[in-house]
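K.L.:
As a plain string of letters, each chain reads:
Protein chains: 2
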Amino acid sequence: MFSKEVYQRRRQTLLGKMRAQGQQGLILFIGNAEAPAQYKDNCYKWRQDSSWLYFFGLDEPLMAAILDIEAGSETLFADDVDIDDIIWMGPQPSVRSKADAAGVAHTAPYGGLGSAVALAVKSGRPVHFLPPSRYFNTLKLGQLLPGAKPSEALIKAVVSMRLIKEDIEIEALDHACDLGIAMHSVARDAIVPGIIEQDIVGKMEGVALAKGWGVSFPTILTQHGETLHNHLHDKVIEPGKLMVIDAGVESNEHYASDFTRTYPTTGKFTQKQREIYQIVYECNELAFSLCKPGITYREVHLATARKMLEGLAALDLVRGDLDQMVAEGIAGLFQPHGLGHNMGLDVHDMEDLGENLVGYDPDQTRARQLGLGSLRMARRLCPGHVITDEPGIYFIPALIEKFKKEGLGKDFVNYAKLESYYDFGGIRLEDDVLITADGARRLGHGRLPIAPDGVEAAMAK
Amino acid sequence: MFSKEVYQRRRQTLLGKMRAQGQQGLILFIGNAEAPAQYKDNCYKWRQDSSWLYFFGLDEPLMAAILDIEAGSETLFADDVDIDDIIWMGPQPSVRSKADAAGVAHTAPYGGLGSAVALAVKSGRPVHFLPPSRYFNTLKLGQLLPGAKPSEALIKAVVSMRLIKEDIEIEALDHACDLGIAMHSVARDAIVPGIIEQDIVGKMEGVALAKGWGVSFPTILTQHGETLHNHLHDKVIEPGKLMVIDAGVESNEHYASDFTRTYPTTGKFTQKQREIYQIVYECNELAFSLCKPGITYREVHLATARKMLEGLAALDLVRGDLDQMVAEGIAGLFQPHGLGHNMGLDVHDMEDLGENLVGYDPDQTRARQLGLGSLRMARRLCPGHVITDEPGIYFIPALIEKFKKEGLGKDFVNYAKLESYYDFGGIRLEDDVLITADGARRLGHGRLPIAPDGVEAAMAK
Numbered sequence: 001m002f003s004k005e006v007y008q009r010r011r012q013t014l015l016g017k018m019r020a021q022g023q024q025g026l027i028l029f030i031g032n033a034e035a036p037a038q039y040k041d042n043c044y045k046w047r048q049d050s051s052w053l054y055f056f057g058l059d060e061p062l063m064a065a066i067l068d069i070e071a072g073s074e075t076l077f078a079d080d081v082d083i084d085d086i087i088w089m090g091p092q093p094s095v096r097s098k099a100d101a102a103g104v105a106h107t108a109p110y111g112g113l114g115s116a117v118a119l120a121v122k123s124g125r126p127v128h129f130l131p132p133s134r135y136f137n138t139l140k141l142g143q144l145l146p147g148a149k150p151s152e153a154l155i156k157a158v159v160s161m162r163l164i165k166e167d168i169e170i171e172a173l174d175h176a177c178d179l180g181i182a183m184h185s186v187a188r189d190a191i192v193p194g195i196i197e198q199d200i201v202g203k204m205e206g207v208a209l210a211k212g213w214g215v216s217f218p219t220i221l222t223q224h225g226e227t228l229h230n231h232l233h234d235k236v237i238e239p240g241k242l243m244v245i246d247a248g249v250e251s252n253e254h255y256a257s258d259f260t261r262t263y264p265t266t267g268k269f270t271q272k273q274r275e276i277y278q279i280v281y282e283c284n285e286l287a288f289s290l291c292k293p294g295i296t297y298r299e300v301h302l303a304t305a306r307k308m309l310e311g312l313a314a315l316d317l318v319r320g321d322l323d324q325m326v327a328e329g330i331a332g333l334f335q336p337h338g339l340g341h342n343m344g345l346d347v348h349d350m351e352d353l354g355e356n357l358v359g360y361d362p363d364q365t366r367a368r369q370l371g372l373g374s375l376r377m378a379r380r381l382c383p384g385h386v387i388t389d390e391p392g393i394y395f396i397p398a399l400i401e402k403f404k405k406e407g408l409g410k411d412f413v414n415y416a417k418l419e420s421y422y423d424f425g426g427i428r429l430e431d432d433v434l435i436t437a438d439g440a441r442r443l444g445h446g447r448l449p450i451a452p453d454g455v456e457a458a459m460a461k
Numbered sequence: 001m002f003s004k005e006v007y008q009r010r011r012q013t014l015l016g017k018m019r020a021q022g023q024q025g026l027i028l029f030i031g032n033a034e035a036p037a038q039y040k041d042n043c044y045k046w047r048q049d050s051s052w053l054y055f056f057g058l059d060e061p062l063m064a065a066i067l068d069i070e071a072g073s074e075t076l077f078a079d080d081v082d083i084d085d086i087i088w089m090g091p092q093p094s095v096r097s098k099a100d101a102a103g104v105a106h107t108a109p110y111g112g113l114g115s116a117v118a119l120a121v122k123s124g125r126p127v128h129f130l131p132p133s134r135y136f137n138t139l140k141l142g143q144l145l146p147g148a149k150p151s152e153a154l155i156k157a158v159v160s161m162r163l164i165k166e167d168i169e170i171e172a173l174d175h176a177c178d179l180g181i182a183m184h185s186v187a188r189d190a191i192v193p194g195i196i197e198q199d200i201v202g203k204m205e206g207v208a209l210a211k212g213w214g215v216s217f218p219t220i221l222t223q224h225g226e227t228l229h230n231h232l233h234d235k236v237i238e239p240g241k242l243m244v245i246d247a248g249v250e251s252n253e254h255y256a257s258d259f260t261r262t263y264p265t266t267g268k269f270t271q272k273q274r275e276i277y278q279i280v281y282e283c284n285e286l287a288f289s290l291c292k293p294g295i296t297y298r299e300v301h302l303a304t305a306r307k308m309l310e311g312l313a314a315l316d317l318v319r320g321d322l323d324q325m326v327a328e329g330i331a332g333l334f335q336p337h338g339l340g341h342n343m344g345l346d347v348h349d350m351e352d353l354g355e356n357l358v359g360y361d362p363d364q365t366r367a368r369q370l371g372l373g374s375l376r377m378a379r380r381l382c383p384g385h386v387i388t389d390e391p392g393i394y395f396i397p398a399l400i401e402k403f404k405k406e407g408l409g410k411d412f413v414n415y416a417k418l419e420s421y422y423d424f425g426g427i428r429l430e431d432d433v434l435i436t437a438d439g440a441r442r443l444g445h446g447r448l449p450i451a452p453d454g455v456e457a458a459m460a461k
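These protein sequence lines are chains A and B, in that order.
1 is the number of the first residue of the first sequence in our numbering; add one for each residue after it.
1 is the number of the first residue of the second sequence in our numbering; add one for each residue after it.
Don't read these hints as lab results, they were simulated from the structure.
Some hints could be false.
One copy or any two copies: either way a pair holds, since identical chains are not told apart in the list.
Heads up, simulated DSBU-like pairs for lysine-lysine below, C-alpha to C-alpha not over 35 Å straight-line [as the list claims (entries may be wrong)]: (1) K203 with K410; (2) K40 with K404; (3) K122 with K272; (4) K402 with K235; (5) K17 with K272; (6) K17 with K40; (7) K45 with K235; (8) K402 with K40; (9) K461 with K404; (10) K405 with K4; (11) K40 with K405; (12) K404 with K4; (13) K292 with K122; (14) K268 with K211; (15) K417 with K235; (16) K122 with K402; (17) K40 with K140; (18) K405 with K156; (19) K40 with K292; (20) K45 with K268; (21) K211 with K149; (22) K404 with K292; (23) K402 with K45.
Using the sequences and the hints, build the whole thing.
P.N.:
What follows is the structure, given as structure tokens:
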């Protein structure tokens, strides 16, 4: 964890923002509990709540805290261990020393949380809390504050802080990206026709666990890139296919990375693969080149959509006026997702707090079009934003058939030619980008090979 | 999954057992939902509920089923996918075809579960369900059957079936154990002073993910074996220490393995380490040699406790009458856990159904003594039982000091000499054992080196 001053400063800033919004009462933070996989003593790997990590840093289960907006006082709720705990977990620091590490003045037993909340409710004071990210927190909040709704004022204040990464966070993100690059390199080198996809997944996730907390999200590794979130890895790697690997490492400090590369399984792109790959590559490069303070990421998304359609038009897969196709959302047929999302302590940063409050400025409305409607980050870019740049082109037979049947895009889409792409799969290329004072830089030291020749050269090694 | 006949037969047996207990009404099974780690779209690796797997085999989230005890009818509740799902997850089999795979006659939408349960409640029919193993299931049951308690009749019927492994399960467990042995071998070969423990954990868990579903429980890998469940792996490996590795693989078929070995970090035991190791090794061998139908595992536990005290007496760490020491629970100071537990689809099989109903025969009462009181499996052994054999000796300063201060075991324990073991750590040695018609066999093909010389030889390679 960072020094206690970091957490104290953040909480002071948060209290200031709540006061500036005219808010009163308490702010309640509930840290995570262990998440049972099969029974209460066999849990998934421990992962603390991200907002808790941001404001307190304490990386242990069953903690909560209350900040008093008017009084400015802070209390950590947690329990000291007993002899049984020592047998099972070894000697543990006291709650007092944990509170000191986070710079919190007061401590109380975890069980005291209920009466502290009840007292506030009884005296009519609002209790602000964030949306629960797990079923445990939903249950806990249901006990503490039955029927209560998360506080939009609190969400907005937290989002405004976590969206703009501090220097210590950027350092942590660079590190997570270095680990992500290392993991992806191992994966790329492991691609050999004839083995099972799961063999590669194990190898790469082993790197994530050896050097970091594990993967930052369930690994996507598939020869069916047109299936956007494929978590089965039971297929034999076949020659001539495209392998999409979308994966990231969470560092031991709990910051995420998120990269996607697409590889020809035999190390060489076919002509057809290279044509589509080149378009996606150019979209990735274009997006990065446009990233700078002042432009909205919605605009960047639409610029890459235009570029994509331009490339597809050159292959005669679409026809017509580019601007009109962009406006009608034709790119969504090929890329039914957004260009990117915020990244930080979560790989989709703060998605538990609500996609629109996180990714959209107050003056922006989320589109309903396929593709643009899935854009998770649309905001006007500011220094300190960390976003992914991940264009993709997919040929999804079920989606194409649906469009065709409903007559969608019939003035633009060359459905006849598209049929010859039904077994193509998909391509996605993703980097992680920090917005700087006058532009942007890619996170991590070095970059995974991405230009088609560079990919082939890396695979030839 | 197995053939549909397997699941049909199991459900028929279950219905028969419920009827034989005079039970009526419905049996409600609720499969797991995805478990969010940070937000609803970033989940932990999918893991189905084990009892659901046992009776239905369908390995997907958001399914439920109702069996009618009187009518014998069966209904699977699940939803077919829509076009959005196809974009994200690819084409999926229909609910109907899934029901066919599990041999279930009727299907209904997942949302129909509420009215089906409500109808039974309204007409006064009991609804039997198992204890929820996750917070999601707790929430779901709270909605469906507010205030209702799990059915002990159902628990007993399910336990009686899952306790005795079928041949297809034994094959699956042998496979899981082979994977566990492979993973442990990689770990053993990776032990080198100077590296971080986490490096080994990543390597071994990579094997679990490449060849199986992952680890069957959070890996214990520690130079502080006296801490029984240590999940931090941030220490540098130091020469001259003992490294306890307690870890298992869950196979892709979701059966568990669970092995423990203890290695000298430099490849050679010191004299002092070898003395204690030899005792634990002999306890492990003794337990296995006693395993056969008819004996209770409580008796086996106590026999190893006696053996352990005998060895410790030879080192002058305890003194006095062995039987009296066994009776007074002196072994618990050194091994504050039980000799073993059931293993199957869960590494502590069915622990969500209640330790005592799973591990104790109706005529057995759980002891309260340290050590014996933690024994998870005490039953009279039967062919088809799968259990772990995991004696250990630990020198836990906080526990020894507590005993000493409270005058516990003062007639037997040589506290003065024990002080020289405060930095010793701990040793545990664990195999997985199948009870056969006339004895027992260790699961997995081959056995991880365990005799002190064998361990040193394996580490010298």
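K.L.:
Each of the hints needs a verdict: does it hold here or not?
P.N.:
Hint by hint, here is what the structure shows:
With identical chains, the CA atoms of K203 and K410 are never at most 35 Å apart, being 45 Å at best within one copy and 52 Å at best between copies. Taking the shortest alpha-carbon separations for K40 and K404, only the inter-copy value of 32 Å comes in at or below 35 Å, while the best intra-copy value is 50 Å. Within a single copy, K122 and K272 get their C-alpha atoms no closer than 68 Å, and across copies no closer than 63 Å, so neither meets the 35 Å cut-off. Taking CA atoms no more than 35 Å apart as the test, K402 paired with K235 passes inside one copy only; the shortest distance there is 27 Å, against 56 Å between copies.
Taking the closest pair of Cα atoms, K17 and K272 never come within 35 Å of each other, the shortest separation being 54 Å inside a single copy and 61 Å across copies. With identical chains, the CA atoms of K17 and K40 are at most 35 Å apart between copies only, with a shortest distance of 27 Å across copies and 38 Å within one. Both within a single protomer and between protomers do K45 and K235 lie at most 35 Å apart by alpha-carbon distance, with minima of 27 Å and 18 Å respectively. Proximity of K402 and K40 under a CA criterion of 35 Å is satisfied inter-copy only: 28 Å between copies versus 45 Å inside one chain copy.
Taking the shortest Cα distances, K461 and K404 never come within 35 Å of each other, neither inside one copy (43 Å) nor across copies (64 Å). Taking CA atoms no more than 35 Å apart as the test, K405 paired with K4 passes in neither setting, with 60 Å inside one copy and 37 Å between copies. Taking the shortest alpha-carbon separations for K40 and K405, only the inter-copy value of 32 Å comes in at or below 35 Å, while the best intra-copy value is 50 Å. For the identical chains of this complex, K404 and K4 are neighbours neither inside a copy (59 Å) nor across copies (39 Å), given an alpha-carbon limit of 35 Å.
Taking the shortest alpha-carbon separations for K292 and K122, neither the intra-copy value of 49 Å nor the inter-copy value of 62 Å comes in at or below 35 Å. In this assembly of identical chains, K268 and K211 lie within 35 Å of each other by CA distance both inside one copy and across copies; the values are 31 Å within and 28 Å between. For the homomeric pair K417 and K235, the shortest alpha-carbon distance inside one copy (28 Å) is at most 35 Å, but the shortest distance between copies (59 Å) is not. For the identical chains of this complex, K122 and K402 are neighbours neither inside a copy (55 Å) nor across copies (43 Å), given an alpha-carbon limit of 35 Å.
Within a single copy, K40 and K140 get their C-alpha atoms as close as 16 Å, and across copies as close as 17 Å, so both meet the 35 Å cut-off. Taking identical chains as interchangeable, the C-alpha atoms of K405 and K156 are never at most 35 Å apart, the minima being 42 Å within one chain and 54 Å between chains. When the C-alpha separation of K40 and K292 is checked against a cutoff of 35 Å, the pair qualifies only between copies, where the shortest distance is 31 Å, while the shortest distance within a copy is 47 Å. For the homomeric pair K45 and K268, the shortest alpha-carbon distance between copies (32 Å) is at most 35 Å, but the shortest distance inside one copy (38 Å) is not.
Taking identical chains as interchangeable, the C-alpha atoms of K211 and K149 are never at most 35 Å apart, the minima being 39 Å within one chain and 44 Å between chains. For the identical chains of this complex, K404 and K292 are neighbours neither inside a copy (38 Å) nor across copies (67 Å), given an alpha-carbon limit of 35 Å. When the C-alpha separation of K402 and K45 is checked against a cutoff of 35 Å, the pair qualifies only between copies, where the shortest distance is 31 Å, while the shortest distance within a copy is 41 Å.
Of the hints listed earlier, those the structure fails to meet are numbers 1, 3, 5, 9, 10, 12, 13, 16, 18, 21, 22, in rising order.
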